[in-house]
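Protein sequence lines, in the order shown, are assigned to chains D and S. Residue numbers 3 to 441, in the numbering used here, belong to the letters of the first sequence in order. Residue numbers 3 to 132, in the numbering used here, belong to the letters of the second sequence in order.
Treat the hints loosely; a few may be bogus.
[To be verified] One-sided and incomplete, this derived list gives chain D residues near chain S with beta-carbon spacing under 8 Å:
| hint | residue |
| --- | --- |
| 1 | 54 |
| 2 | 57 |
| 3 | 280 |
| 4 | 382 |
| 5 | 383 |
| 6 | 389 |
| 7 | 390 |
| 8 | 393 |
| 9 | 394 |
| 10 | 415 |
| 11 | 416 |
| 12 | 417 |
| 13 | 418 |
| 14 | 420 |
Calculated directly from the structure, the hints in this document are not laboratory data. Quick reminder that beta carbons are idealized off the backbone N, C-alpha and C, glycines included.
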Amino acid sequence: MNGGIYWEQEVETINKDKLRLLQLERLKNTLINVYENVEFYKKKFDEGGINPYKFNNIDEIQKLPFTTKEDLRDNYPFGLFAKPLDSIVRIHSSSGTTGNPTVVGYTQKDISIWANLIARDLYSAGVRSNDVIQNSYGYGLFTGGLGIHYGAEKLGATVIPVSGGVTERQIKIMVDFKSTVLCCTPSYALYIAEVGKDLNVDFEKLALRVGLFGAEPWTEEMRREIESRLFIDAIDIYGLSEIIGPGVSCECIYKSGLHVAEDHFYVEIIDPITKKQLPTGSQGELVFTSLTKEAFPLIRYRTRDLSSLNADVCKCGRTHVRMRKPMGRTDDMLIIRGVNVFPSQIEEVLMQVKEVEPHYLIVVDRVNYLDTIELWVEVSEDVFAEKINDLEMFEKTIESKLYAVTGINIDVKLKEPKTIKRSEGKAKRVVDKRKGETI
Amino acid sequence: MPVKQLTVFLENKAGRLAEVAKILKDKNINLQGFSTTEARDYGILRLVVSDTELARQSLKEAGFTTHIADAICVKVEDKPGELFKVLDVLAKEGINIDYIYVIAGTRLVLSVQDIQKAEEILKKNNVLLC
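Construct the entire structure; sequences and hints are all you get.
Right, here's the structure in full:
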């Protein structure tokens, strides 16, 4: 298997016609599985007049019903499982901060497919069996930790299951154990860089050379920041627990879009309002159908993540369609005085302004029936100037760039260092006081 | 010789200046003089202290953003016309002052674009540099 640039050359470079046939075959099995074993889907198919035994054209997927996060919550905890608990070997779950958590299950075969997908992703990012992988994703109910762990072992690499948090120890391990690969959220990677700087760690001299970062959307500017501070290649890996966890898609070394594992997931882009499938290249909401999962198959799951697809064959030779780095979520979108604003737009502006570290917080409120939006930015030593004029200029530059990009006035507030809470998992970038959130 | 001036970024919050003063007291650092400049939500504190490096390190450890810059320091006497004497020399040479403040009663701290040039001019005009 090893030796070349592919983990599984045949399926990674499969031609499109063969891939469609493989997908159709697997989708038919999935439809029968959910129809026979999941009450929710049986009811939906019957209502929609869908006969899973006669399904014979992959394009007809557009006639199938969607599945949403609300459906998962309504069927809490095990209502959408297609296998009895007896054949389920693992459960993962979301944190459930805004309602019932979503719960997912895996059979032995599901786990093994997942591990293989992660191994494929690591391999395409240039990771090999002689690498030392520091896995700083949280271990536990969150799919990141164990998902990467099993894939890294499958690849045959050395895994350090350090999990998230205790950043000084992370850095000590990175130095002493000579970790070559880091896996964590992109915001935590930057936090490690910051703590390392305080401890006078010279990242250029470390063995670390690649990072696979995911579990939250991040921009190209943030990639440059991580790469220049940690002296590594920063690769985006995407996934969500509902579909499998990390490994739904991942960048190759060319970092020009994330290859969707199309042999296991059917991907569509839809218009989030009309719910119609959009042609390749259009921007919209990502929708996935699992093709091989046994325990927790999902039909047309609406991710709420915004992206677009690129069907061109990649420089790396892989034929699997590439999705653009997710630029935000339909539910992250802030509506400020009627204007749609994505936190990712604000981050991009901030990273364009020279030398700003991305320690920022977007604070939204409503004062006298009017929406207000503030951007808190920490003043680091790199930014601090001796004269008040320079600081005011810095503030105004960000404000005018923000206005150019978003079309609304965003009030920039300069803050002392470390006044904004750091995250060791998913970064919290927005506090929306209109929803009762507090800083 | 220019003096070392320590600059600190402060948010406009009650107790922040007191916090700086406490750190200097705890480290037994003598404060020779200071000035503040404020914008809407934040301000800049400029300090001349007995041990600039120690003060900077201590403030940094406490989470303050700091900066060290050179500034001119001149000695004046405690009598009418002394400020004018210094300002007049600089004005005649077309040197703009960015900011100026008094430390220890009879010393002026001031900042200009070209410190060396300004110091030479002051010396030539019999202004006593500290």
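Now the hints, each set against the structure:
At its closest, the beta carbon of residue 54 of chain D sits 61 Å from a beta carbon of chain S; the interface hint therefore is violated under the 8 Å criterion. The interface hint given for residue 57 of chain D is broken, as the beta carbon of that residue sits about 61 Å from the closest beta carbon of chain S, more than 8 Å. Checking residue 280 of chain D against chain S: minimum C-beta separation of about 44 Å lies over 8 Å; hint violated. A hinted interface residue such as residue 382 of chain D counts as satisfied when its beta carbon comes closer than 8 Å to some beta carbon of chain S; here the least separation is about 6 Å, so the hint holds.
Taken as an interface hint, residue 383 of chain D checks out: its beta carbon lies about 6 Å from the nearest beta carbon of chain S, inside 8 Å. Against a cut-off of 8 Å between C-beta atoms, the interface hint on residue 389 of chain D holds, since the closest Cβ of chain S lies about 7 Å away. This hint holds: residue 390 of chain D has a C-beta 5 Å from the nearest C-beta of chain S, less than the 8 Å allowed. The beta carbon of residue 393 of chain D comes within 7 Å of a beta carbon in chain S, closer than 8 Å, and the hint placing it at the interface holds.
Given hint, residue 394 of chain D at the interface with chain S, holds; its Cβ is 6 Å from that chain's nearest Cβ, closer than 8 Å. Look at residue 415 of chain D: its Cβ gets to within about 5 Å of chain S, closer than 8 Å, so that hint holds up. For residue 416 of chain D, the shortest C-beta to C-beta distance to chain S is roughly 5 Å, which falls under 8 Å, so the interface hint holds. Evaluation of the residue 417 of chain D hint against chain S yields a held restraint, the C-beta minimum of about 6 Å falling below 8 Å.
Because the smallest distance between the Cβ of residue 418 of chain D and any Cβ of chain S comes to about 5 Å, under 8 Å, the interface hint for this residue holds. Because the closest C-beta pair between residue 420 of chain D and chain S is about 5 Å apart, less than 8 Å, the hint holds.
The structure does not agree with the numbered hints 1, 2 and 3 stated previously, though it agrees with the rest.
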